Amino acid sequence: MNLKTLGSYAWRTIKFILLGLCLILPQQVFSLPHILPQNFSPLATNILTWGLLLLGYALVIVIFNWQFKKDQPNTDKIFQKLSNQDINAIITGFITLFIIKIIYGMFMSQFGQTQNDQALQQMFKLSTNAALMMFLMTAIFAPLCEELLFRGIFMRYFFPKNTVLAIFFSGLVFGMLHFHLGDIFWTLLLYCTLGWVLAYYYKKTGKLLVSIMIHFLNNILPALFMLFSALFTK
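The numbering used here puts the sequence shown at residues 53 to 286.
What the hints contain is simulated information worked out from the structure, not anything from laboratory work.
Given the structure is predicted, the values throughout are model-derived calculations rather than measurements.
One or more hints might be untrue.
Listed below are the simulated DSSO-like cross-link pairs for lysine-lysine, each with C-alpha atoms no more than 27 Å apart in a straight line [said to hold, decoys possible]: (1) LYS67 to LYS153; (2) LYS67 to LYS122; (3) LYS67 to LYS133; (4) LYS213 to LYS256; (5) LYS255 to LYS67; (6) LYS213 to LYS255; (7) LYS213 to LYS122; (8) LYS121 to LYS256; (9) LYS121 to LYS213; (10) LYS133 to LYS255; (11) LYS213 to LYS67; (12) LYS256 to LYS133; (13) LYS133 to LYS121; (14) LYS213 to LYS133; (15) LYS122 to LYS256; (16) LYS133 to LYS122; (17) LYS121 to LYS255; (18) LYS122 to LYS255; (19) LYS153 to LYS256.
Take these sequences, add in the hints, and give me the full structure.
This is how it looks when you write it as structure tokens:
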């Protein structure tokens, strides 16, 4: 690897880190009620919070989509017609993720929930407004933005001509960024495996919408459960 190639990868790494920081910025709206003056009305706080959340994710999606398509004039649109094979891939991918999580739960039940799941549940329970925002983030924005970043962008930045390495490192980075220090090693392996499955189906079909839909189906049921639990359980 010559210096020019090394420098190119270093620059891509820096850009990827900056894009990763962009991904977490919209989530900071949850700290807004603690920053605003005490005489700020709850209604105004909610309107401002929702506005910043939606605007933040809209900007993230625009930036990610631009990077995904940059220097790739022949890139297919994210939202495109799915073939029967694509639909089968989505169903198979979702079932695969479901089975992986069941197996993990069977062997790791004594360790309780992952730190990531605990954090999500706590955020859902903050308030009704927070629960609705968390549902939107978990079920809609996370699948779209994370697949754009970890599959679409990452796999074009790094190892574009080596499918095995692209899938491996895409899943590894995805797993590491979902892993918390309080978790056990097997939790890291769980999230990496989920990332590998998503990356595999993206590469297999060549359509980012396939991995987005698998990710969406994987998130929607837990998100609905946590939403209803937060809204109807005292």
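The hints, checked one at a time:
no.	hint	in the structure
1	LYS67 to LYS153	32 Å, violated
2	LYS67 to LYS122	13 Å, holds
3	LYS67 to LYS133	30 Å, violated
4	LYS213 to LYS256	14 Å, holds
5	LYS255 to LYS67	22 Å, holds
6	LYS213 to LYS255	11 Å, holds
7	LYS213 to LYS122	17 Å, holds
8	LYS121 to LYS256	19 Å, holds
9	LYS121 to LYS213	17 Å, holds
10	LYS133 to LYS255	17 Å, holds
11	LYS213 to LYS67	20 Å, holds
12	LYS256 to LYS133	16 Å, holds
13	LYS133 to LYS121	18 Å, holds
14	LYS213 to LYS133	26 Å, holds
15	LYS122 to LYS256	22 Å, holds
16	LYS133 to LYS122	22 Å, holds
17	LYS121 to LYS255	16 Å, holds
18	LYS122 to LYS255	19 Å, holds
19	LYS153 to LYS256	22 Å, holds
In this structure, the hints that do not hold are numbers 1, 3, in rising order.
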